[in-house]
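Chemist: Letter by letter, the chains look like this.
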Amino acid sequence: MSCIAANLEENKECGKETLLPQKDEPAKHSSVVAAHYNHLEEKGLKERLNSPIYYLRNFNNWVKSVLIQEYTDKIREKDYGRSLRVLDICCGKGGDLSKWQKARVEHVVFADIADVSVQQCEKRYEDLRSRCGRLFSAEFIAADCSKEPLRDKYRDPSIKFDIASCQFGLHYSFESLPQAKRMLTNISECLKPGGYFFGTIPDAYEIVSRAKKAPNGDFGNRIYNIKLLFDVEKGYPLFGGKYDFHLEGVVDCPEFLVNFKLFTKLAAEYGLELVYKARFADFFKDHSEKYRQLLQKIVCFESYPAPPGKELVAEEAEYEHAKQFWQSKENKTERDRIGTMSTSEWEVATVYMAFAFKKLKNTWDEKGKPVYTKSKQEGQSNKN
Amino acid sequence: MAESLTAEELEFLAKCEEELKDRFTEKDDDFMKVYNEELSKPPILDSWWIPNSGRRFDRRNNRRHHPYERPDHRDRGYDRRDDRRDHRGYNDYHEDSGQGYRQQRHRYHY
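Taken in sequence, the protein lines are chains A and B. FYI, our numbering numbers position 182 of the first sequence as 216, with every residue one higher than the one before it. FYI, our numbering numbers position 70 of the second sequence as 134, with every residue one higher than the one before it.
The following block holds chain B by itself, in its conformation from the complex:
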């Protein structure tokens, strides 16, 4: 690798080697701060609602066969969403992914 470096690059490296010669050692204060820290504990958020989302595949509580309801109305909606997400794959999250309060309200409406 070294042979492909320009004189300017070699000079930059030499300067950095000198300035950062204590990197990751006891003399590197910023490093030691991290080294001496206790392992970070996972966050805790109080008042976290129970997402009914995720467990879109767990439909035990969905009362799918209510006699006055068009069959599997809600489930079809879920499936459509899932297909789309699968197809797109790339993301993350969507405004309309039904993981918020809105859907919860909907669910308990019945």
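Bound-form chain A, shown alone:
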């Protein structure tokens, strides 16, 4: 999981250490990421509540919760009562532990590059289990999932997963083709036919669009900044399209563009067929009605106008959209509010996209390689 991701979803702040790689040392990137996570620092709830990305983080958690709920439901629709086994790859400190609990899964393998994060994940799992009694069984693996095979590290290497989830982490493996392949091998090889692989990544179309519209390919707002670290005059590399992502309160974090068509093509080689993709703005439109209650419960949006005695997290100018709506709203009472987000936070949220793939059935060719047959389509929905 990325530093940015940890900050965007887990209500955590990263450490203050400068752990940036030298720009001429790309090969050491993963060790830098691991080192970074091994130095994460916990911060109090008060600080998090006052964070300028409080609602953004909650919103990202909503997206993940919806993905988990949607795809566990899809599997159960076909096979009610099935015990679900999950691979949570790039799990970080286990930001999705309670989501897996709510989805009533049976077993989760948590894997991440940073051993300290994995240890924290395990500790949180133990804490959760001691509090709630019945909880899924779990195993914890610290490994660079873009370089090492995971299968031989599982307690049972013959395990079959129903779900593989990779939240805000897959783009790291797009540093090179072999890394992306290793990642997809780890994701796909133990996934059952009919099982789902879903996740969230920055949308390269969105990043490149914004970069092209900005001077020097450098863009952002008061809470984030992105800078492409390669010469766009020479074109956009398929792998290793490095950019710097700075987010409020976090050290800068180099990441890699994921060309989604390339990703889909590569995923197909591993029997993964795209069944859903949506940028976060579209994802919200697709699911906000069905999961409206959850939006409220986890406070994904800010009350506008600010309740008595409170202040908005951003300047009034960032709520122009809300102001217009509010002014034209009729029959308002004193306690009425609308929910919204500051434009800066939403601008970060809309850098991201969600996706889901389904694992296809396969036969074997004479060389012992899997041959995947495209499934007959069932309600495919691709946006973008």
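Heads up, some of the hints might be wrong.
Claimed, not checked - With a Cα cut of at most 16 Å, we get these calculated EDC-like pairs of lysine to aspartate or glutamate: (1) B/K105 <-> A/D149; (2) A/K181 <-> A/D149; (3) A/K295 <-> B/D94; (4) A/K299 <-> B/E83.
Said to hold, decoys possible - If the Cβ cut is set under 8 Å, some of the chain B residues that face chain A in the computed set are: (5) L84; (6) R87; (7) K105; (8) P107; (9) L109.
Keep in mind that the hints were calculated from the coordinates and are not lab data. C-beta: ideal position from N, C-alpha, C; glycine also.
Starting from the known structure of chain A, arrange chain B on it as the hints suggest.
Modeler: For chain B alone, coordinates are given in the frame of chain A:
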């Protein structure tokens, strides 16, 4: 990097370079769709309740010193929850985090 690639990988890359040669250019229709879109505006949800949660640290309205109430009964509850969340850190949200209607009812009960 290139030297560590297998023949098969080089072939895959060459194929993708050809198929995706127009990526992020005006000839890339899917990209241009995103490029030409207006910047997305933040959502607006009507009938959004006022969370009294968050501002757990703002207790001005909590009537802490009601004479017939055990001192700071509710606040102690808040603190306990906060400690737990802090300790666990990792999450997100909890069914019992008291950010819903239930707590609001409780609050206005007095």
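Chemist: Of all the hints numbered above, which does this structure not satisfy? Sort the numbers upward.
Modeler: 1
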